[in-house]
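Student: Kindly produce the complete structure, drawing on both the sequences and the hints.
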Amino acid sequence: MTINLSGLGIDYGAILPELIVVGTAIVVLFLDLVVPADRRGWLAGVTVVGLLAALAASFPLWGQDRAAFGDTVIADSLAAFFNVLLIAITILTALISPRFLRALDLDYGEYYILLLGATAGMMLLAAATSLMTIFLGIELLSVCLYVLSGFARTALRSQEAALKYLLLGGFATGFLLYGMALIYGATGSTTLRAIAAATTTAAASNVLLLVGIALLSVGLAFKVSAAPFHMWTPDVYEGAPTVVTTFMSVATKAAAFAAIGRIFIATFPSISSRWYFPLALIAIFSLFIGNLVAITQDNIKRMLAYSGIAHAGYILLGILPGTTQGFTATLFYIAAYAVMNFGAFAVVTAIGAGGEQTADLSYWRGLFYRRPFLATVMTIFMLSLAGIPPTVGFFAKLFVFQSLVTAQIWAPLVVAVIMTIVSFYYYLRVIVVMLAQPDGAVAENRVGFSTSTVLGAVAVATVFLGLFPSVVLDWASHAASLHF
Amino acid sequence: MPVPAYTFLLLSGAVFTLGAIGFMVRRNPLVVFMCIELMLNAVNLAFATMSRYLNSLDGVVFAFLVITVAAAEVVVGIAIIVQVYRAGRQMDVDELDLMKE
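Going down the list, the sequences are from chains F and E. Counting from 1, position 131 in the first sequence corresponds to residue 131 in my numbering; the numbering is continuous, with no gaps. Counting from 1, position 30 in the second sequence corresponds to residue 1030 in my numbering; the numbering is continuous, with no gaps.
Heads up, some of the hints might be wrong.
Sample of chain E residues facing chain F (criterion: CB under 7 Å; computed from the structure) [to be verified]:
#1 PHE1016
#2 VAL1043
#3 VAL1060
#4 PHE1062
#5 LEU1065
#6 ILE1067
#7 VAL1069
#8 GLY1077
#9 LEU1098
Derived DEER-like restraints, expressed as beta-carbon distance ranges [claimed, not checked]:
#10 F:ASN4 to E:ARG1027: 51 to 59 Å
#11 E:ILE1067 to F:PHE464: 42 to 50 Å
#12 E:LEU1057 to F:LEU19: 22 to 30 Å
#13 F:LEU19 to E:ILE1067: 19 to 27 Å
It should be emphasised that the hints constitute simulated quantities derived from the structure, not laboratory data. No experiment lies behind these values; they were computed from the predicted model shown. Ideal placement from N, C-alpha and C gives every residue a C-beta, glycine not left out.
Tutor: What follows is the structure, encoded as structure tokens:
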């Protein structure tokens, strides 16, 4: 007796990077049993090696258009773009982790397993072309991040962050799934390709479909922490161990925006008149709340959390035109945000190894005199987040604004420009505080070789991409040509 | 016995709404978590209804996927709730307010 497997679309090559990441997680799981407690740094090494292999396996996917497993995942340039971005973020996170974890007495092997699991979920989400794989990717990354946020088991703040993230995340998953159920009911399929085929211009009056898309958007907006679904962000970012915040603030947002692009731009272009307005509203809301509340924050982790909400708004602006140019700007912004925000949080991580209260802005007073290197790179990241040339953040905003002008979308553009000027205040305030005279001597710990290398490399990348943005822009424009 | 599909969808919508309301008004994290499960069950009912109505298997497969993933989420969720209780002996979500703006 034989079973015919052709037609199922089994193609392991298309998900090879994901498989390698999951495989690395399993290897680390077993190594954790035999590696002595004082040698857990090796696990970070194994993690980085596995991720490098996954990175190498991602490059061949570039330029392909390979749907696999019954149209549930696809290996294309967009997936490859996000694979490279997400793996790079995870490698950098793994490199700055050991010192921070040791300082906080959290040096357990499970950390790397969960980190790899979350990365695999994000990569799956970026490659997902079916409601099922989108759900699976989101849950895989979320469940790993719930545990990672509560990784500091004795710190009540970390536990509180984990609980809030878990409950609000589960709530958002409920909405996401109900939306998926309604979309399935309206179109009769769960793959995005079939949904796109079933969604004609006439579907613009299909209530079931529209409510489904609305609920799905709520779930996705939660993941990218766009207002008004952002309530969890400041608490979770503040309470979670800083190195976890570093990772999730950039990686989750990137992966979720890949799914948003595939859903709105590739699947529902024919009813763009229906989703344009709610999405524009969410973007404007995020810009307002993120930038205005960030001004009042004295805790640098909370400030960066609100700044992250604002940046979610800018990234969403690139989706609004529904064009390849707009999505190119979105992808460039995601890459730029990943670089500069990772850097900013990594500085907080490097300083945070010193204890709990280091995230208070008062601790940063006079940092230029105490830690010239950290203060210098932090200045670069702050300037970039504010969007001041010659940093990558300037071009990120420029390209998004450009795509809005081309599409003649004026109201969100005006809000974005005004809010950018508002944002100068709280980014530059950090620099001013660091330049102020220090009050007194504070106990210092050294940064360490791998952390300072990572920080230096990210700072160089921030400036380099600000001088030569076309490198990433070419990749982004190639990856952004989405269609079904 | 033919039953119109919308009755099941109405039931599913009602259960989902109850879960969402429960999520917002209840204080005990365990009960709040149960309300999330209620919402997911409403989703499963909707998927099963659609699947039967459309005569396609995708919806039922999706419902099983939801059940499996929800089980994984419960494992992690209960562990976190127990850990919060151990760390702070606090069983009221309104009093978890170490971090305020």
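Student: Note whether the CB distance of LEU19 (chain F) and ILE1067 (chain E) lies within 19 to 27 Å or breaks it.
Tutor: holds, 25 Å
Student: Could you check if GLY1077 (chain E) really has its C-beta closer than 7 Å to a C-beta on chain F?
Tutor: Since the shortest Cβ distance to chain F is 5 Å, the answer is holds.
Student: Using Cβ atoms only, decide whether VAL1043 (chain E) comes closer than 7 Å to chain F, and label the hint accordingly.
Tutor: Result: holds, 4 Å to nearest chain F Cβ.
Student: Under 7 Å is the threshold here; is the Cβ of PHE1016 (chain E) close enough to any Cβ of chain F for the hint to stand?
Tutor: holds, 6 Å
Student: Does VAL1060 (chain E) hold up as a contact with chain F if the rule is Cβ-Cβ below 7 Å?
Tutor: violated, 11 Å
Student: Go through the hint on LEU1098 (chain E) and say holds or violated, using the shortest Cβ distance to chain F against 7 Å.
Tutor: holds, 5 Å
Student: May I ask you to test the interface hint for PHE1062 (chain E) with respect to chain F, counting a Cβ-Cβ separation under 7 Å as satisfied?
Tutor: holds, 6 Å
Student: Could you check if VAL1069 (chain E) really has its C-beta closer than 7 Å to a C-beta on chain F?
Tutor: With a closest approach of 5 Å, the VAL1069 (chain E) hint holds.
Student: Can the suggested window of 22 to 30 Å be confirmed for the beta-carbon pair LEU1057 (chain E) and LEU19 (chain F)?
Tutor: Since the Cβ atoms of LEU1057 (chain E) and LEU19 (chain F) sit about 26 Å apart, the hinted range of 22 to 30 Å holds.
Student: Against chain F, with CB atoms and a cut of 7 Å, does the hint on ILE1067 (chain E) hold up?
Tutor: violated, 11 Å
Student: Between ASN4 (chain F) and ARG1027 (chain E), does the beta-carbon spacing fit 51 to 59 Å?
Tutor: Hint holds: Cβ distance 55 Å, inside 51 to 59 Å.
Student: Using 7 Å as the Cβ threshold, decide whether LEU1065 (chain E) counts as touching chain F.
Tutor: holds, 6 Å
Taken one by one, the earlier hints fail for this structure at numbers 3, 6, listed in ascending order.
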